[in-house]
Every structure is written in structure tokens, then in C-alpha cells.
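Engineer: Place chain B on chain A using the hints.
Protein chains: 2
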Amino acid sequence: MPLKEKNLIRHIRRASQRSAAVTSTGAGVARTGIGIGIGIKTGIGDDCAVLSLPPGHELLVTTDFSLENVHFRRDWHAPELIGWRCLTRGLSDIAAMGGNPHAAFLSLALAGDVPQKWVDGFFKGLLDLSKKFNVPLAGGDTAQSPSGIQADIVVVGSIPKGQAVLRSGAKAGDAIYVTGRMGGAAAALEEFMESTKTKPSSGKNAGYFRPMPRLIAGQELRQQKVASAMIDLSDGLSTDLEHICEESGVGAEIEADAIPRAQFGPGNQLVPLDLALNGGDDYELLFTSSKQVASKLGGVPVTRIGRITKSLGMRLIGADGKSRKLKAAGWEHFAAKP
Amino acid sequence: MPLKEKNLIRHIRRASQRSAAVTSTGAGVARTGIGIGIGIKTGIGDDCAVLSLPPGHELLVTTDFSLENVHFRRDWHAPELIGWRCLTRGLSDIAAMGGNPHAAFLSLALAGDVPQKWVDGFFKGLLDLSKKFNVPLAGGDTAQSPSGIQADIVVVGSIPKGQAVLRSGAKAGDAIYVTGRMGGAAAALEEFMESTKTKPSSGKNAGYFRPMPRLIAGQELRQQKVASAMIDLSDGLSTDLEHICEESGVGAEIEADAIPRAQFGPGNQLVPLDLALNGGDDYELLFTSSKQVASKLGGVPVTRIGRITKSLGMRLIGADGKSRKLKAAGWEHFAAKP
Numbered sequence: 015m016p017l018k019e020k021n022l023i024r025h026i027r028r029a030s031q032r033s034a035a036v037t038s039t040g041a042g043v044a045r046t047g048i049g050i051g052i053g054i055k056t057g058i059g060d061d062c063a064v065l066s067l068p069p070g071h072e073l074l075v076t077t078d079f080s081l082e083n084v085h086f087r088r089d090w091h092a093p094e095l096i097g098w099r100c101l102t103r104g105l106s107d108i109a110a111m112g113g114n115p116h117a118a119f120l121s122l123a124l125a126g127d128v129p130q131k132w133v134d135g136f137f138k139g140l141l142d143l144s145k146k147f148n149v150p151l152a153g154g155d156t157a158q159s160p161s162g163i164q165a166d167i168v169v170v171g172s173i174p175k176g177q178a179v180l181r182s183g184a185k186a187g188d189a190i191y192v193t194g195r196m197g198g199a200a201a202a203l204e205e206f207m208e209s210t211k212t213k214p215s216s217g218k219n220a221g222y223f224r225p226m227p228r229l230i231a232g233q234e235l236r237q238q239k240v241a242s243a244m245i246d247l248s249d250g251l252s253t254d255l256e257h258i259c260e261e262s263g264v265g266a267e268i269e270a271d272a273i274p275r276a277q278f279g280p281g282n283q284l285v286p287l288d289l290a291l292n293g294g295d296d297y298e299l300l301f302t303s304s305k306q307v308a309s310k311l312g313g314v315p316v317t318r319i320g321r322i323t324k325s326l327g328m329r330l331i332g333a334d335g336k337s338r339k340l341k342a343a344g345w346e347h348f349a350a351k352p
Numbered sequence: 015m016p017l018k019e020k021n022l023i024r025h026i027r028r029a030s031q032r033s034a035a036v037t038s039t040g041a042g043v044a045r046t047g048i049g050i051g052i053g054i055k056t057g058i059g060d061d062c063a064v065l066s067l068p069p070g071h072e073l074l075v076t077t078d079f080s081l082e083n084v085h086f087r088r089d090w091h092a093p094e095l096i097g098w099r100c101l102t103r104g105l106s107d108i109a110a111m112g113g114n115p116h117a118a119f120l121s122l123a124l125a126g127d128v129p130q131k132w133v134d135g136f137f138k139g140l141l142d143l144s145k146k147f148n149v150p151l152a153g154g155d156t157a158q159s160p161s162g163i164q165a166d167i168v169v170v171g172s173i174p175k176g177q178a179v180l181r182s183g184a185k186a187g188d189a190i191y192v193t194g195r196m197g198g199a200a201a202a203l204e205e206f207m208e209s210t211k212t213k214p215s216s217g218k219n220a221g222y223f224r225p226m227p228r229l230i231a232g233q234e235l236r237q238q239k240v241a242s243a244m245i246d247l248s249d250g251l252s253t254d255l256e257h258i259c260e261e262s263g264v265g266a267e268i269e270a271d272a273i274p275r276a277q278f279g280p281g282n283q284l285v286p287l288d289l290a291l292n293g294g295d296d297y298e299l300l301f302t303s304s305k306q307v308a309s310k311l312g313g314v315p316v317t318r319i320g321r322i323t324k325s326l327g328m329r330l331i332g333a334d335g336k337s338r339k340l341k342a343a344g345w346e347h348f349a350a351k352p
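Going down the list, the sequences are from chains A and B. All residue numbers in the first sequence are consecutive under this note's numbering, ending with 352. All residue numbers in the second sequence are consecutive under this note's numbering, ending with 352.
Chain A on its own, in the form it takes in the complex:
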């Protein structure tokens, strides 16, 4: 049995205060340079949280579900990884605007059969990441769920006025870039689906379930005014690239050989192209640019994978030089998965 609502809130409030001082004088000590500049005047325990934004900045808001048996499975993913990934989803959206995250809010519904140990593990993972980027948990809601676990993470951040990197700015002729490598989380998930073991996520591929939001890379791109459009890779490269194309009114051409594929398994082999193109939960950044781009951003390698075209639709150029139509085949959250 989880704690009763009031006790749970008290528990969260204490855990959150230990992890990142939510005080009347503002957020705690910065560990990464991220998350500075906002004051949390009132955190957990009032009708609303009260926050002050840095002057000359606009507000960023994003919300993301993490639902049991849709985004995670209790028998596959350790609770720490579910909590970590829950917050990653929100921070990664802030990264994709080039923004600075300031505070997180969690709505959490738990069925009566969820052990308090699971809840503690979930908060440990979430608060580990919240500490890393100095983004305190400043509020939320709790409820009893009729069945399973439903979490909704809200992250608020800020960005200097007018500087948000949108999905809609890509121009024909821009090159397309990604940070990091694609397909690792999907490959790990595929292995678990074929495995008979439970709790495989604590094993050697656990890293793919503890993705690092690319906040520093996103901020560097915004500061250097290099990116014309940007999105985070949460639903899969093909699907997220299609969002950029649709919002910008352009097409795209990707070189299959150029896509940086994750390494996986005992022989460290590259994941299949299909997983790199269509697997979700990478939480890397995809951006477009007409300018010179550094080979590393925030310590993460950057790779050119194609170009934006005037003609609509997406095309994939194979190793043989032949071009074929590329369909968005990423994760559809309205199909049961994982």
C-alpha cells in the first residue's frame, strides 16, 4: 500500500526539499549551470506554486505522461529508471527550445497495490535527475488510481525573449543534424520483449533507460544562433523529423549511412537501421541549420544526417545511392506499447 495522500505529499515535500532547497530565497546551489535565475517563492503545500522569472525572459511550459503499460512496465523497468525517464521527458522538451528549466510539477496516481518501496524508488530516480540539473520539484497532485500508475510531469522553464528555437523555422537547403546516437532504447526494449527474465532493466543496457536530456547542447545552439528549427527525439527520428517538416512547410532527405546508430549487445554491434529511424525514447536533439555547426555540443557528438528540401515529403537515400520514400513510423502513443 502506498502512503495516504496527505502523508505522501508530506513525504514528497521532505524528499524534494532535501534534494534541492525550495526556499523563500530561491532555488538551491547550481550543479551544472542549468536552472539558475528563478526563485521559487512558494513550493509544495499551497494552492499554486509561486515562481519569479528572470527579467527579459519568456516562460516555457511542457507536460508529458508516463503511464504504466503504455510508457513503461513495472516488471521490465526498475522504479528509479521510470522516475528518471519521467522527468527526462519534460527536460528534453525544454532542451528542444534551447531553454533553461526551472521547476518540475508531478501529478501522480497510484493504485492501492503499489508498494511504498516502488514509490520511494520512483522518487529517487526523479530527484536524482532533478538535482543534476537543479530543477526542484515545486508542486503537483496525488490521487488513488483505480488501477496501475499514472504520472504526468510538468516542467516550466524560461528563455530570453524571442529566442525560443521552434519546429517551424527550417528552410530548404538547411542541413539536418542530430546529437548522440539513435535506437539504443528501442533495441534494449526489443531484447526485453524477447526475454523471459523480469526486471532486465537493471542490467547492462540500463543506460538506455536513463537518457540524459540535452539541455546544455540545446542552450549552446540557442546562444550561438545556429539552429533554424529544433525538436527532441522522443517518438523516433522519422516521426519527429516529420513534425519539423510539417510545421516548417518543407521536405527532408536523409542519408541512411549517416545516421549515428547506437551500439548494442555482447558484440557492440550497431542497432538495425529500422530501430535508429523509428525507435523512440532516444531524447537526443534533431535540428536544422544553414550555418557551420560544431562537431560537439555540450560534450555530445553532433552528426549531419541530411538536408531540408523544398519539395514536401521525406526521402531516405540508401547505401546504394537510391532514394526511397521515408514514412513516419515512430512510436504512436495511441497504439498499445511497449
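Keep in mind the hints are simulated off the structure, nothing from the lab. All the given hints hold, so there is nothing to weed out.
In this list, chains with the same sequence are indistinguishable; a pair is considered to hold if it fits within one copy or across any two.
Here are the simulated lysine to any residue pairs, SDA-like style, with alpha carbons at most 25 Å apart:
(1) 341 / 23
(2) 131 / 160
(3) 185 / 59
(4) 341 / 321
(5) 339 / 21
(6) 185 / 237
(7) 305 / 317
(8) 239 / 53
(9) 324 / 307
(10) 305 / 187
(11) 341 / 21
(12) 341 / 156
(13) 146 / 23
(14) 175 / 68
(15) 175 / 53
(16) 324 / 24
(17) 341 / 25
(18) 341 / 24
(19) 175 / 59
(20) 305 / 263
(21) 339 / 24
(22) 175 / 69
(23) 185 / 24
(24) 324 / 59
Computed from a predicted structure; not experimentally measured.
Structural biologist: Below, chain B without anything else, positioned relative to chain A:
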């Protein structure tokens, strides 16, 4: 079957744009004087929403679940009323700070068996209220739910710097006031629980399921600097008063006869005292004050129901003048309930 995720988002985006212009020049035409002053630079369709806050203001953030079979039942509550009440929960929290709501964000998970007609009704109710207070739907998330309907509403608002009315400001000697009348929603719910009819919520008591967030009353109290502490009545008078007492480090004494009880049923009789004290979902405001208070705020009657005491704990003074211990017995969202 509901629409697929992408189509659903497109559908919501259009409905939301029709209801309250989310444009690059800012929010739509004000209907009530509420919700003016913020610009939504980027709404639905990017990684984050981008909003600008009025200068000299602080940010307010609140999140609230509306879960099927916890906060509502599909066979009891019409979808329009569920959508309306989902947003009321968030707006009422902004009201309880004395704040100005600016934008709403909805995370919505739907099981495969939820008809699109239900979804349309839900959005109609939510957007009717969003229009009324000029609070556009500016983003959110959608997902397939393994079973049932889970909604999480986020409302962001603003308040002039340092003027938020907190729960923690009540002082011994302050009088305790409420807006409106208590217990109507609980009485209507009780009737439905005893009834064999389905969809009773479209009947004559439907008004209790379409509560009006007390935004104007809350703002008047903040502007007049009258309230020392404030909370909205969502979990029941006894539970919400206890929150004020705990956050302020004080006690309270309530006069049973003074509590304004809702009228209900064919004879318009007053609801039982128990429902007025402990029934949830009234969405009225409870506040404390040492000053003179108007008899109406935002057009809503205001009633003095007791006083804040130095000695901790809550007491109820009966019609016979005898005082007894008052226990917080409001809605516990960790107990199964509709």
C-alpha cells in the same frame, strides 16, 4: 474509438484556436476582464508552449488530476460537465491565490473504448469555461490509456510580485469567511449514488457539477489586501480549513449555524450539516481576515463562519452553544470514490 494521437492533437488545436485565439500576437478578446496581459507566443504544436508574463508579476502554477472512477464516473456525469469541472479545478487554485489565469495545458489519456463523441463533449465543456475566463488551451499531451480516462489539467497564471495570498498567513483573532454555499455537489452526488438512473447529471442538479471558479472574488480580495490567508474548497470545508490551520500554525473555531448550506431537492431544503462541512467539489473560497469584509465579492455572497484561534486544533460550536472537536473528514483522494 477516439481519434489517433496526431489527429486528436490536430482536432484539439483547431477547437482551441476557434475558442480563444492562440496567435502570435497574444491571447484573444477578453470576455470577463480575466486572462488579459499575457501573450501566448507559441501554443499547441511545439515541444513547449512559449508565453510572456506581464512585467512585475510572478508566475503561478497548479496541476490537478481528473480520473475516471476517482473524480468522476462516465455513467453519472455528462462529458461536458467533466470537461468543465476538470478546468474548474485548476482555475479555482489560481483564484485561491488571488491570481490571474493565463493558459491551460491538458494531458489526456483515453482508452480505446472511449467514443469520439465523449471526447468532443469533454472538450466542449472545458473550452466553454476556457472562453468564459479567456484562458486558452495552450498545450499538453495525449496518450492511449490501458483503461479508462485520465486527465491532468495544468493552469499557469500570474500575480503582482509579492501579492499571492498564501495558506500560511492566518493569525489568531482573524475571522473566517467563505464565499457561496457549501455541500451542493456532495448532495447531488449522494442522490446519484442512491439512484438507479444513469446520466443523472444532466438533470436539475447539474449546476452543482458546473461550479464557477471564484476568480473575480479572489482578485478583489487580493486587490483590497483584505485576506490574510486563502484556500479553495475542493476537498471539503473541514479538510481545507485544516490545511490553513496547519500551514499557519493556528487553530479554528467554526459556528455550525453560520455555515451557508446549499439548498437541494424538490423542497429546496438545506443540505445536512455533515455534507456542508465535509463534502468536496464546492470550489468556493475560504479566507481569513482581520479587516472589514464586503458582504459580496465578485457578485458572490460572503459569510463569516468563525474565527482563528491561538490554540491548535479545530472546534465546532453547535446550535446549543456547546463546542466539540472538529475533525477533518473531507474527501480523501486516496479512498476510492466517485
